[in-house]
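Colleague: Protein chains in written order, with our numbering: chain A, 1 to 775; chain B, 1 to 159.
Where hints are given, some of them may not hold.
[As the list claims (entries may be wrong)] Short, incomplete list of chain A residues facing chain B, as computed with Cβ under 10 Å:
(1) Thr21
(2) Ala23
(3) Arg25
(4) Tyr26
(5) Asp29
(6) Asp653
Just so you know, the hints here were simulated from the structure itself, not pulled from any lab data.
Positions of the beta carbon are idealized from the N, C-alpha and C atoms, including for glycine.
Residue-level listing of the chains:
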Amino acid sequence: MTVTDRVEQVFIRPDGKEKVTGAGRYTADLNLTGQAHAAFRFADHPHARITRIDTATARAMPGVFAVITHVDVPEIRYGGMVSDRHLFAHDVVRWEGDVVAAVAARTPELARAAAAAIEVDYEVLDPLPDFVANAEPGAPLVHADWQSYGGSRSMGRDGNILGRSTIVKGDADAAMATADVVVRGTYRADASQGAPIEPRAVIAQWTGDKVTVWTSTQVPFAARDGVAHTLGIPQSAVRVIVPLLGGGFGSKCDFHFEGHIAALARAARRPVKLVFSRREEFIAPDHRREGMLIELETGVMRDGRIVARRGRLTLDGGAYCGEGGFFAQMAAMHACGPYVLENVNVESRLVYSTNQPSASVRAPTAPQTCWALEQHMDAIAAAIGLDGAELRRRTLIEAGAVGPAGQVFGEVGAKQALEAALELIGYDDYLRGELPDDEAIGIACGWWPSMASPSGAYVKLNGDGTGVIITGAQECGSGAVMGLPLLAAAELGMRPEDFTLHYQDTDSGPWDMGASGSQTTFNNGRAVIEAAREVRAQLLELASQQLEIDAAELELADGVVRAAGSPDVAVSIADLAGSGTPLLGKGSGELPENPPGETSSCVGVLGMETFLAPQLITHAARVKVDRQTGVVRVMEFAAAHDSGVILNRIGADGQVYGGVLMGIGQALSEATWFDEQGRQRNPGLLDYKLQTASDAPPIHIRWIEIDTPNAGPRGSKGVGEPPSVPTPGAIANGIAKVIGRPVHELPMTAERVWSVAVDSLGLEWIDTSGKDPSA
Amino acid sequence: MSVSITVTVNGITYPLDVDPHASLLHTVRDQVGLTGAKEGCDDSECGACMMLVDGRPTNACSYLAVQADGARVITVEGLAEQDGAGERLSALQRAMLSRGGVQCGFCTPGMLISATALLERTPHPSEDEIRVALSGNLCRCTGYDGIVKAVAAVADGTA
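Construct the entire structure; sequences and hints are all you get.
Modeller: Below, the structure written as structure tokens:
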């Protein structure tokens with residue numbers, strides 16, 4: 001595929017009208033006749049042994065239909081790499097969001113009152129919120145008997161370390177000793193949240209032995225499989241439907257509360273509806289960005305050649321594995337970054353704690369790790385007297401470069417993205433000293449892999465020549481599913497608006513991994529194209545018979561099948577579709593394979609050690625820092641991305657605008673502060689600060705469209721997650737240039753920036769250790 | 001104990017019996033049956049619930065239904081015009097789509113209400129005025145870029 005194959009259209013999303021008129025239905029907008037309302041009883045302590053649960057008082061309350069606990073569901077554990085969790089806690093609660101019981105009642109208020117009336121006695125255990133301490137040998141275990149749990153052992157089970165992964169290339173120790181300069185840095189990132197504006201909602205209704213679940217999930221098939229597994233029923237007995245989804249950003253990936261509500265509806269013998277409050281949306285999902293301790297050491301020669309990288313990453317996995325087990329390896333790759341490294345030894349450990357579990361949030365592990373690495377890169381550049389851009393210019397990967405696990409890269413736009421971002425932000429003017437002394441430009445580079453996953457779609461034509469795309473892919477708001485008609489239409493010579501979409505229903509669409517991994521266009525796009533090609537072949541055969549022309553001489557365009565070179569010899573697709581012959585295609589396409597690597601020295605190898613069709617990114621931020629207060633404002637931002645060929649500019653740009661602003665939030669204002677017990681101190685939007693319209697800087701975007709080996713449909717890669725990756729790092733490097741020293745804690749709040757600025761000015765240090773940074 | 005009130009929503013008058021503590025948001029969603037306005041926080045932090053109450057943009061989650069007795073309320077469902085062919089989108093609604101101001105759509109109803117109120121008050125706002133006017137409406141998807149461009153396009157007649 002070449003760049004000339006791109007679909008040049010500004011595309012109005014098919015779900016747009018219902019969204020601007022208020023007619024669109026999200027899960028919380030649905031109500032079923034006779035429905036009851038659900039409330040959970042969450043753990044009363046972050047870490048405690050349950051000694052007694054008495055639901056009698058709650059059950060006796062007027063208007064209460066059902067109260068259920070662990071005794072009302074099968075004793076089945078679930079989880080990703082480690083099956084470490086039950087729907088309802090029955091021995092030990094391990095974080096404040098552990099669900100102890102659920103109530104169905106006539107109103108939400110009654111349900112909450114009954115949940116509060118359940119009597120639960122505990123033997124309180126010491127909380128284990130310090131994930132770094134938990135990684136030490138001999139530390140008390142969060143899961144005392146987890147060696148007996150089911151799941152995978154490919155990431156090791158050592159102490160509290162639920163995932164250990166290393167990237168090893170050459171001999172980093174020996175090479176480090178030969179370096180001209182060795183630079184070390186330690187960086188600490190706080191937890192943060194996906195924080196979609198829609199709090200999640202789930203409705204379950206049983207009809208006979210089958211349950212239908214309407215839920216705000218990014219991954220309907222994972223939700224279906226979770227209900228079937230935890231309730232011990234076949235997948236055919238569970239239908240998951242996703243109404244409009246009000247954002248997810250990764251936090252609505254994985255199976256969450258669908259099993260609880262299905263079990264509750266069965267007990268209540270009524271449909272049951274759960275709608276989370278904002279507070280619950282913060283504390284209850286087993287999903288947030290992991291806090292991290294990032295230790296990096298790099299050996300470099302005077303000319304910028306990086307001869308050795310050592311690193312140790314410690315990630316807070318929280319109380320349960322969820323889907324996050326493989327994140328240790330992802331983080332290790334981001335600690336290498338898109339650079340030529342001659343020798344590498346990076347160890348990454350995902351560690352249990354009694355904090356909220358962490359799992360995917362938009363580019364999981366990457367923004368924090370990249371934030372640390374890119375500050376480290378600026379420190380390396382300073383140590384050898386190079387400008388940071390020049391060091392990156394010399395060390396970014398290009399075609400033929402060998403990756404940290406032996407992958408040989410094909411064509412990549414890393415260096416083009418760097419130069420484009422520098423140009424967009426006016427970096428040369430900055431180097432000439434043309435900015436005020438309270439402003440500076442920071443840059444950061446990053447990368448993200450394309451994710452190959454099985455996916456499927458059907459395309460069928462209606463009798464009037466319009467069509468339906470039936471897909472298992474999930475629309476999370478990004479527009480990826482909304483863009484699928486562009487691909488089908490191009491194959492069939494039809495208009496995108498000729499198609500409707502049937503999606504987000506596990507009983508109709510083929511299995512799909514869901515709205516995660518920036519992979520919908522990459523994988524489901526491939527499936528839709530193949531399904532459309534089947535229909536195309538059917539249309540050509542019908543037209544060939546009718547026109548008495550060999551199919552090879554025919555083409556599809558403008559809603560007709562016509563003779564190539566003789567456009568008047570034609571039959572309309574509507575006539576063919578109305579002829580009574582079913583026009584129905586199915587597709588999944590050939591799954592691309594990850595490029596080969598050399599991993600014989602690595603452990604915890606899960607397929608992330610090489611990057612299929614990598615996306616390369618450079619971000620540049622012009623920041624203004626008030627040295628007196630530590631307040632940082634991002635004045636201007638440039639984002640240059642190699643995401644392959646861009647299929648839908650308005651959609652792709654929208655991912656950058658949104659992802660960059662989310663990254664600015666993570667850089668400056670967003671953190672979940674845990675108290676010493678592991679309880680969230682700021683589970684609300686007043687104290688967990690999202691960026692507003694007034695905070696958002698102008699963002700300049702440049703797409704580096706190159707031909708990528710093994711790219712997705714029409715040369716495309718992913719666009720959803722990369723914009724989050726280097727944003728905090730670019731801002732950090734700008735801040736450091738203004739105040740003269742780096743800030744090694746994320747987010748870089750005003751107090752943290754001020755503390756470093758004061759220190760760099762040689763003024764009296766005010767010790768804030770041991771105090772809450774948000775106070 | 002319930003209280004009888006009369007509220008006019010999008011031009012239709014509804015006599016309603018409401019609990020004294022019922023919010024305008026829950027009343028409009030559950031009793032009037034218009035679910036366009038959303039509950040994102042129940043705390044006036046996100047703006048997804050916004051309605052015009054006698055012309056003023058209001059966080060309906062934090063406004064009691066009894067306070068709206070006798071008021072004229074406009075929700076997102078009242079922004080498009082209705083004719084024989086169905087709904088005709090307002091210039092602002094069209095611009096939100098063409099400028100990429102809509103992704104997941106959950107903040108969109110409140111965003112449209114805030115922007116409508118701004119344009120009625122200040123037909124030709126500066127970009128800063130637009131951004132300040134929308135600062136009570138959180139959007140996690142768009143980075144606000146397409147939304148601000150949509151409002152600006154309506155203001156300068158290029159929507």
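Colleague: Determine for every hint whether it applies to the structure shown.
Modeller: Right, here's what the structure says about each hint:
1. Because the smallest distance between the Cβ of Thr21 (chain A) and any Cβ of chain B comes to about 5 Å, under 10 Å, the interface hint for this residue holds.
2. A hinted interface residue such as Ala23 (chain A) counts as satisfied when its beta carbon comes closer than 10 Å to some beta carbon of chain B; here the least separation is about 7 Å, so the hint holds.
3. Because the beta carbon of Arg25 (chain A) sits about 7 Å from the nearest beta carbon in chain B, less than 10 Å, this interface hint is met.
4. A distance limit of 10 Å between C-beta atoms decides the matter here; for Tyr26 (chain A) the minimum to chain B is near 7 Å, and the interface restraint holds.
5. The beta carbon of Asp29 (chain A) comes within 4 Å of a beta carbon in chain B, closer than 10 Å, and the hint placing it at the interface holds.
6. For Asp653 (chain A), the interface hint holds, the least distance from its beta-carbon to any beta-carbon of chain B being 6 Å, beneath 10 Å.
In this structure, none of the earlier numbered hints is contradicted; all agree with it.
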